[in-house]
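Chemist: Chains L and E are the protein sequences, given in the same order. Using UniProt numbering, the first residue of the first sequence is number 1, and each one after it goes up by one. Using UniProt numbering, the first residue of the second sequence is number 1, and each one after it goes up by one.
No wet-lab data here; the hints were simulated from the structure. Note that the coordinates shown come from a computational prediction; the quantities given were computed from them, not determined experimentally. Certain hints may be false.
Quick list of in silico lysine-lysine cross-link-like pairs, DSS-like style, CA-CA up to 27 Å [claimed, not checked]:
hint, chain 1, residue 1, chain 2, residue 2
1, E, Lys147, E, Lys321
2, L, Lys6, E, Lys302
3, E, Lys154, L, Lys6
4, E, Lys147, L, Lys7
5, L, Lys6, E, Lys298
6, E, Lys151, E, Lys31
7, L, Lys91, E, Lys274
8, L, Lys14, E, Lys302
9, E, Lys306, L, Lys6
10, E, Lys274, E, Lys167
11, E, Lys321, L, Lys91
12, E, Lys167, E, Lys32
13, E, Lys298, L, Lys7
14, E, Lys306, E, Lys321
15, E, Lys147, E, Lys274
16, L, Lys7, E, Lys302
17, E, Lys329, E, Lys318
18, E, Lys267, E, Lys306
19, L, Lys7, L, Lys79
20, L, Lys14, E, Lys298
21, E, Lys318, L, Lys7
22, L, Lys7, E, Lys151
23, E, Lys223, E, Lys298
24, E, Lys167, E, Lys28
25, L, Lys6, E, Lys274
26, E, Lys32, E, Lys147
27, E, Lys318, E, Lys306
28, E, Lys167, E, Lys31
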Amino acid sequence: MLTPAKKRLMRDFKRLHHDPPAGISGAPYDNNIMLWHGVIFGPDDTPWDGGEQILALIFSAMMLTCCIRCYFKFSGTFKLTLQFTEDYPNKPPIVRFISRMFHPNIYADGSICLDILQNQWSPIYDIAAILTSIQLLFCDPNPNPSPNAGFPFFSFQSMLSDPNANSPANSEAALLFSENKREYNRRVREIVEQSWTED
Amino acid sequence: MKFGETFMEYLHGEQEGFLDKCSHVEYKRLKKVLKSCRVCRESRDSCPSNEHDDDNGNAQLHHEFCQCEACPLCDQMFFSELMKEASEIAGFFTSRVRHILHLHISTGMQGYLLRFRHCFTNDQQAMVQEGRMLIEYVTMNAIAMRKILKKYDKVHSSVNGRKFKSKMQSERIELLQSPWLIELGAFYMNFNERDGGESNKFFSYDLHSTQPVMTMMLPDSVKLEYNLSCAICLELVFNPYALCCGHLFCKSCACSAASVMIFQGLKAASPESKCPVCRAAGVYGDAVHMLELDLFLKKRCKEYWKERLVAERAEMVKQSKEYWDLQTKFMIGY
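Using the sequences and the accompanying hints, generate a full structural model.
Modeler: What follows is the structure, encoded as structure tokens:
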């Protein structure tokens, strides 16, 4: 018999495919609706989008050789897993990145330091909301977020879109983010390029 | 026709006898207060807007000089009076709707006696009539309140009216967000179906779309939609409860969110438990059991309702078994 958690996950799946948010995707693993894999694409106009890559294509046709420089936009593609329990949606899933990450709020083992996955969880959040919130972590970081301004309506978005470098999960990333933005962006781009070659 | 005239017509219309018993928004008087707001008139006179012929220039200057964010003359009587009126209207509306629904859904001996009484008196029709009056009463007053607050903001170039509306919502006296209005709508539709009552000009519904809704038609063809899906299980609400903040959930979903067993009920929830949607605390204790809405959904979604009933009963049995096992172990001491 379908448990409430499984029923709800099926609803989430239906919703996610009926109205998919931009830059995220997710689906359950075969024969196990309690374990999902998700993909988050790096948001545009951030170090996570990979920038424009130049690809030189050389065509040789009818004795004429011409070189065409093509600009392709490659976003970083970051894979993660979501492990649900029978307590869902009353308890949040355990979310982990499989891809290597370099971010102030992501631990070395891929765990994510995010309020809605801990003390600010609410049963109304679905998988789309979780993945969108994680994607917002990549955007426009702010090392000194104001504490809970306008909770619950406004802090949610601003806390997600700004890595909190005050209580970092990755101290090196937090330090670079606060003191050497250029190096931070370079390291992020490195991670983005790695994400294209990962299995 | 202007709303002021429509409202006065409503107050002195066929329902005058009914309206004598209850309070309503003093629309005309509050509008006069705004008109005679001397502070604003003085600041308006002091605007050097006459010096410019250009319309845009005038508007801009007026906007710069006449932004009296608050007006002590108006505020003193305006907001306190509106708040008093709103809470009186909400109180009267709630008590009357409760009374009507109690008569309609009463069970056991009381229900038997009422049905026996219906053989001799036609108070079913009177109930529907009062229901219709209450719907008109609450919608007209809600619109009057919204109009007067909008007018206040326009006169004072402020956002105090909007803030007051938010305050009304937080104090749970926002008339059109009342769960009792949904209950009344469900009663109306249940009665129309069962007893072949008058055609329903107020409420309609669509339960089979992705977002099941009940729609309420207001004057001037304004539609108000009430979402009938539970924000936790994302399905059509079953055995619905409205928390004090007005958000609607299935009983089992609300119980699990408040970390209480289904058989214990929402009364057992701790005062710190928060609404999953708005995070308001202490909203479970006085949650409203939407019996009329449940009856309405039971009639229209028979299969779904049966399926949910079986699932909830199974869950309840499982929970009570676990609970009493724990109690027994605790008593025995192992």
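Chemist: Taking the earlier hints as the rules, which of them does this structure contradict?
Modeler: 1, 3, 4, 15, 22
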